[in-house]
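Enquirer: Letter by letter, the chains look like this.
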Amino acid sequence: MFETFVIPALAFHLAVIAPAFEDLVPTTGQFHGVLNEFTLMDNVATKAPIINIKRNRKLLQRRDASCDLNYKKLMGATQRIIATEELYAATQHCANGFYQGSLKDWRNGDPLFGNKILPFFQEATVTDLASNSYFGDVQRIETAAQEWSTTKFDGIFKWCTTYLAAGVIPAAQSFAMPVADMRANPATAYSVIKQLYDKQPMLMKNLPAGEKAFYVSSPIDDGYKQYLRGLGEESSYIVELYANGVKVSSYEGIPIYADPIWEPILFEIYGADKNAAILTIRGNLVFATDSKYGEGPELNEALMVWYERKDLSWYFQQFIKAGTQIALPEYVVFSLPA
Amino acid sequence: MTYAWDMTLKTVTVDTENMTLPDVDGMAGKFTANIQVHDNYGNTAYGHINPLVGVGSGTTVDVSGLEPNKGLNVTTTIVANIGWSATGSAFDIVGGATGAVPVGNLQDWNIADEPANADDSLIS
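Protein sequence lines, in the order shown, are assigned to chains A and B. So in the working numbering, spot 108 of the first sequence is number 108, and the numbers just go up one at a time. So in the working numbering, spot 42 of the second sequence is number 1042, and the numbers just go up one at a time.
Just so you know, these hints were derived from the structure itself, not from any lab. The beta-carbon is built from N, C-alpha and C at its ideal position, and this holds for glycine as well. Heads up, some of the hints might be wrong.
Computed Cβ-Cβ distance ranges for the label pairs, DEER-style [as the list claims (entries may be wrong)]:
#, chain 1, residue 1, chain 2, residue 2, range
1, A, Asn43, B, Gln1107, 27 to 33 Å
2, A, Lys194, B, Lys1070, 52 to 58 Å
3, B, Glu1067, A, Phe267, 27 to 33 Å
4, B, Thr1008, A, Glu123, 38 to 44 Å
5, A, Ala187, B, Gln1107, 39 to 45 Å
6, B, Glu1067, A, Ala184, 41 to 47 Å
7, B, Leu1021, A, Glu298, 53 to 59 Å
8, B, Gly1099, A, Glu295, 38 to 44 Å
9, A, Glu295, B, Thr1008, 36 to 42 Å
10, B, Val1053, A, Asn43, 34 to 40 Å
11, B, Asn1081, A, Asp64, 47 to 53 Å
12, B, Asn1081, A, Ala18, 30 to 36 Å
13, B, Gln1107, A, Ile141, 39 to 45 Å
Chain B on its own, in the form it takes in the complex (with noise of 0.2 Å):
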């Protein structure tokens, strides 16, 4: 997933790019993602994305709210309907130039290894 912030319109745009999503048991279409803006002064701004899938979806989180002297941090966690989740972040993003956007990818995937799956948790 990508980041970008753009300064003039104080926004952060998260997007799946063309991320891989796994297609098991019917997970496909059925992704979710919550996003948080941080900045370096305990402020938080939120935003998701529903559905959340693999090419061209993404959503834009106003950032107008923060103050972006100390860089902005963005976390994401991907949800799928059966459990599993993921959350990944950037962290220290700088502003630039007037005008510039800084861009990158969301990395550092901490994958939970939830049971939650229908195969072994929901058979009675």
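So that you can see chain A by itself, here it is in the shape it has in the complex (with noise of 0.2 Å):
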């Protein structure tokens, strides 16, 4: 008899969310983001303070001659809180299977059917996840042209105008992206990425260069390549990082991620043209899910497919809680569109 293939929440979590976050070029999948700068927290189930990553200073005391000592803090747990927020997809697949064959596999318990299956739900959610987590925005006005899921929970450049407006991140750190063609003006792009750099505050200053990176939009990366080969530099500036040789370039010795995400999402939100970037120190963005989040009887239960003869259909219900949140604001410099 027909049963309802279900995975459950850990073991989906385990299988689509967590690799979009893994520190590897996806060598399988759709999505070949930079997700995986993201710092994963796994546990949230509603909200939950992160822990301040900044470094301390000023630790030192001169000892004085009584057993007393002056007790400091070196780290807090209340300055940021990071919230989750409950999203489901559901969808309706009449007469059409996923792949040819689909209803047999399925039918004989082929294991077959989850292994072919899952890509699907892997492109969709990581796909909305990623876009969600930097351009999200809830109060967005959503439209029915958007090909884009921007508007389900709020995303890493929302954080970064909300704390702009403010003060938290300084209005020195952030300036308005030129309106160009970054590929045919390299020198613009070129000197985006170093207004990021320039506009540094004094404490980012004194982190190294391996520890921060530049997030930006494909056509500043191509244009800022662009301006360096047009010195005969290209090779200078390149850094690999990835475990499996791929090869980004960089700018005074800070790596540049592009997503190849933004380019198209940008287009979409502000227009021809637009760009976005951030520089930033590692792990200070942050993505939160709940790994034991799910539905069904045992409220465990992160991706339900069966097929519904009443309907002719497959169904398919999946549920995941997601959000994001900047660690520590005063370490990032950005620059949107105006």
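Since each chain comes alone in its own frame, lean on the hints to assemble the complex.
Expert: Dropping the structure here:
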């Protein structure tokens, strides 16, 4: 008899969510962005404090002749809170299998079924998570023309603008992104990278280059490479960071990561020739989810697939929690389209 | 919040009627709402209310592109500018006789327990 195909919450987390944040260029699956640069918190049921990871200074004190000591605080856990939102996806496929012979595999309880359908959800889920993690804004007006999910939970750039407005990110650490085709104007791309670097706050400057990273839209990365090529210097600014040898360019030793999904999303939200860029310390961007969150009778089913005879349709339901936060907004320099 | 589906004009009107909005930390007058009207064939129509106030703000969503055969579902997310949000819905709104306008309340509000308010997370 037909049974529901269920992936428990933890297994779903390990199979679909966690790999998107792994520090390897994915060789399988559809998503090739830089989600791995997020710090992943996988046990945030509603909200959790983020431990302050800022470098501490001024701990040493001069000893007096008494036995009393002054105790200083090293880290605080109350500074910033990350929250997750409950999300779901549900689809109905009428008359179409996921792949040729899927109904047969499923009927026979073939383990192939799970392996073959997982990529569908991997692609859909992870792409939506990525687009929201960067550009999500629950206040953005959603229209029928939008092809990217950017209104389901707040992403990094929403936090950037929120913190900028609140003065947590000083105004000097942000600037309006020039409107230009960066690939055709390599000098502009270079100036964006340089401005980000130059606008670092004093405290950020005491951190080594390896602890920081640029996250930029692809045209900036391309334009910057063009610029270096024009100088015959391209190879001098290449660093290899991914474990399987993929090269990324760098500026003053700081790697530049381009996430390919930024460009189309920026085009959709802001229009042509719009770009975005962040310079921050690595691990500063935080993504939270709850690897135990699910529905169903045991409240542990994250993905359910079944065939409904009544509608002659495949049904699929998926439940997930997600949220983002910036651990230390003071350590962010960013630029968005005006 | 209420909805009203006018089958002749092919619109769904979502209205705040006399809902009570919280007024703490300067939240008043800073609400917006995103509205999605789904049919049961995978199509969606979108609308929004900005600003959303307690009395008499609403919007009319054109649902002429939707297939009303199996009824409509309305989902609305209310967002305050400091991060508080709530999502509510009305499912399986079915049409009646010609000229009838099904009306009802959006219900089952899922209030996101966001820390995004200024007090908690904007402290530097």
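Enquirer: Would you list, in rising numerical order, the hints stated earlier that this structure does not obey?
Expert: Numbers 5, 7, 13, in rising order.
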